[in-house]
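Start from the sequences and build out the full structure, keeping to the hints where you can.
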Amino acid sequence: MEAKRKLILAAAAGIIEQHGSQFTIEHVAQAAGVAKGTVYLYFDSKTALVEQVLVSAVEEMQQVLEKANRGNSCSARLSSMIAAHFKHINARSPLIHKLVATEPELLGNLKQEFLPRVLAIHQTYSALLSQGIKSGEFRPHDTKIIAASLLAMIHNLAVSTSIFNHQAQPRQILAEVLSMLGKGITETSYAFKNLLEHEEDVKQCKV
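Numbering (our numbering), first residue to last: -9 to 197.
It is possible that some hints are incorrect.
[To be verified] The list that follows gives simulated cross-link-like pairs (lysine-lysine, DSS-like), each with its CA atoms no further than 30 Å apart: (1) LYS57 x LYS124; (2) LYS173 x LYS134; (3) LYS36 x LYS(-6); (4) LYS36 x LYS(-4).
Keep in mind the hints are simulated off the structure, nothing from the lab.
Computed from a prediction, not measured in an experiment: that's the story for all the values here.
What follows is the structure, encoded as structure tokens:
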């Protein structure tokens, strides 16, 4: 039963990437190699199917990160997680873009199912950052803010590959990002001067 449900979800994801919200249950049934009634046996409506495709995509992300979060050093695990996260989002971005563009209310409707999963992903990053700070691998920072920043960066990078149409391959993008995170972006001779300037900017920042 579960195997067939996953088969239908995978077929639906592929169909949605092609047709967006204009797909039909018949399209999904044909792609999955099952009868139309079988699709309705697992999902009582087209909307329910679309919602579960989105939820399934987030669950896949959790599994991808769990596999990547293995190894000895925190820095190696963080690099592995960022790489796996970006590759997964980059591969899934056509599906997500189609759904968000054609069914923007979906994310609001799925808030109760989405939020705990997204928070769990954020917590995975935050916990690893905390562990790295304790071990001396990472400099002290607010791990919740840095984790949120990493998530935003990864997702926006995946989106930018289609929006800005730059020629860099995913491997090149990852290499640049991981280099920036590992080495920083500021030359050593400018680091102290820039730090003082940033502190002044923060003081003047009003929200």
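Restraint status (C-alpha distance of LYS57 to LYS124 at most 30 Å): Holds, at roughly 22 Å.
Given hint LYS(-4) paired with LYS36 - CA-CA distance at most 30 Å: holds (16 Å)
Straight-line alpha-carbon gap LYS173 to LYS134, limit 30 Å: Answer holds: LYS173 to LYS134 is near 21 Å, not above 30 Å.
Given hint LYS(-6) paired with LYS36 - CA-CA distance at most 30 Å: holds (17 Å)
Comparing the model with each earlier hint shows no violations; every hint is respected.
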